[in-house]
Structures are given as C-alpha cells and as structure tokens.
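**Student:** Okay, here's what each chain looks like letter by letter:
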Amino acid sequence: GQQLNQSPQSMFIQEGEDVSMNCTSSSIFNTWLWYKQDPGEGPVLLIALYKAGELTSNGRLTAQFGITRKDSFLNISASIPSDVGIYFCAGQLYGGSQGNLIFGKGTKLSVKP
Amino acid sequence: GAVVSQHPSWVICKSGTSVKIECRSLDFQATTMFWYRQFPKQSLMLMATSNEGSKATYEQGVEKDKFLINHASLTLSTLTVTSAHPEDSSFYICSAARVLTGFSTDTQYFGPGTRLTVL
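For the protein sequence lines, the chains are A and B, in the order given. So in our numbering, the last spot in the first sequence is 113, and the numbers never skip. So in our numbering, the last spot in the second sequence is 119, and the numbers never skip.
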C-alpha cells in the first residue's frame, strides 16, 4: 500500500530558528496536507496543497507541493515556543470525501526558549 | 467555521462493556466522516469511512462487528466499541469533509479525539 516517509522524526531547536521537514511517497498524490497535533488533541489543519508545484504560506508557515506529486515540505520560520507539537503530513489521492488520508509518522518539534 | 466536536473527550470502562463515541460537525454538513485510531507516539490509522444514509466502509483488519458505525445525519456519526477489551484502549479521532457545492467537498477537519481506557 501507499506509504509516506516523513523526516526528521524529531527536532530540538532554539527559539527563533527556522525549521524544515518533509514527506516523500512511493506513489503520487493529488492533495498534500500538513497538520499539527498537540498532546491529547486532534490534528489541526495548517496548510492544504492541491496543485503540483504549489507554494502556499500561512503566517510563518510555508509548504510546497512537489512537482513530481510524490513529496512535500513544510517550513516554519522564526520558531516560537507555541510551535511545539507533532507535525503530520498527509497525502490524498482523491479530494475531500472521495478518499482517505495517508499520514506520515510525524515530526516531533521541541523549541527551547 | 469547519468545527468538529467529539463526545466524550475521555472514557474509562470495564472490559466487556460497550462504549459509544459521537462525532459532530457543528457548523457544516458532512456527507462523509472518517474514524481514525491513534496509539501512543504513533500516527493516525484510518479505521472506517462513514457515509450518511449507508453502510460504513471498513479498512482491512478492522472488525465491523466490533466497531459499529452509524451515520444518522449530515452532522452526526457514532462509533460504538462493542465488548471492549484492554487492547481497544486508544485515542479515537473522527474527521469530517465539509460539503461545498454540488458534489464538491472540502478537505477533512478533525475532532479533538476521545481517549478510551478499558480496564
């Protein structure tokens, strides 16, 4: 079945530093999504990407849909303590309710003040 | 907009009992809702896809008689864990895809999750 490789598995950074994480897939997706999950909470959608090559920003977050449709990255600029959490990428072959999400294993981000 | 709620947020039950978890889309309609399961320090695994007015579609390895799903309306889906056992203890999360226009749907929005502990 489809699998997503998300890296790095964890990151320990200093407040103010930039962060980069990525996901790669063995097969193509038509939608890439990035979520953040805090402990004991459900994932919260950060950025949705619907088109190969698309670069989208949400505040200090920037994500890109790879041109091959098999990868995506998420960058966080000038990290702050509240950025702490687990970030998941998710790929979807069909949009909306037409297909389920395939999740990466997550990147745990720790920010030192 | 696009808020999804779950109830209860946590539940502790004895082995052998059944537990019902509700998933509601508060400010939008969702013809399709999804149920996920997440073990500690792991990613989300899809259990089943719930369609309003029809039977749910279960992923391979998920027992449909064990995890009963009912999607009674465009805003409510329920997951019942029947005859729960300690190995069913997990974090259960639902998501809902918002209906836009016609047959078009938005991406999935997640509920806050339900922590189930079976003693």
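Derived from the structure by calculation, the hints contain no laboratory data. Certain hints may be false.
[As the list claims (entries may be wrong)] With the Cβ distance kept under 8 Å, some of the chain B side facing chain A (calculated, not the full set):
id	residue
1	L44
2	S73
3	Q108
[Unchecked claim] Derived DSSO-like pairs: lysine-lysine, alpha-carbon spacing no greater than 30 Å straight-line:
id	chain 1	residue 1	chain 2	residue 2
4	B	K64	B	K20
5	A	K108	B	K55
6	B	K41	A	K70
[Stated by the list, open to error] Just a few of them, taken from the derived set where beta-carbon distance is under 7 Å, the chain A residues facing chain B:
id	residue
7	D38
8	P39
9	G42
10	P43
11	A52
12	F73
13	N100
14	K105
From the three backbone atoms N, C-alpha and C, an ideal C-beta is built for every residue, glycine too.
**Student:** Hint by hint, say whether it matches the structure.
**Tutor:** Structure-based check of all given hints:
About 5 Å separates the beta-carbon of L44/B from the nearest beta-carbon of chain A, less than 8 Å, and the hint is met. A least Cβ separation of about 15 Å between S73/B and chain A goes past the 8 Å threshold, and the interface hint is therefore violated. Given the 8 Å rule on beta carbons, the hint for Q108/B holds: about 6 Å separates it from the nearest Cβ of chain A. Taken as a hint, the K64/B and K20/B pair is honoured in the structure, with Cα atoms around 14 Å apart against an allowance of 30 Å.
Pair hint K108/A plus K55/B does not hold up; C-alpha atoms about 36 Å apart against a cutoff of 30 Å. For a cut-off of 30 Å, the pair hint linking K41/B to K70/A stands: about 25 Å separates their Cα positions. This hint is violated: D38/A has a C-beta 10 Å from the nearest C-beta of chain B, more than the 7 Å allowed. With a least beta-carbon distance of about 10 Å to chain B, the hint placing P39/A at the interface is violated under the 7 Å criterion.
Annotation: interface hint on G42/A holds; nearest CB of chain B at approximately 4 Å, less than 7 Å. At its closest, the beta carbon of P43/A sits 5 Å from a beta carbon of chain B; the interface hint therefore holds under the 7 Å criterion. At its closest, the beta carbon of A52/A sits 17 Å from a beta carbon of chain B; the interface hint therefore is violated under the 7 Å criterion. The criterion of a C-beta within 7 Å of any C-beta in chain B is not met by F73/A, whose closest approach is roughly 18 Å, and the hint is violated.
At a threshold of 7 Å, the smallest CB-CB gap from N100/A to chain B is about 5 Å, leaving the interface hint in force. Interface hint at K105/A: satisfied, since its Cβ lies 5 Å from the closest Cβ of chain B, which is below the 7 Å cut-off.
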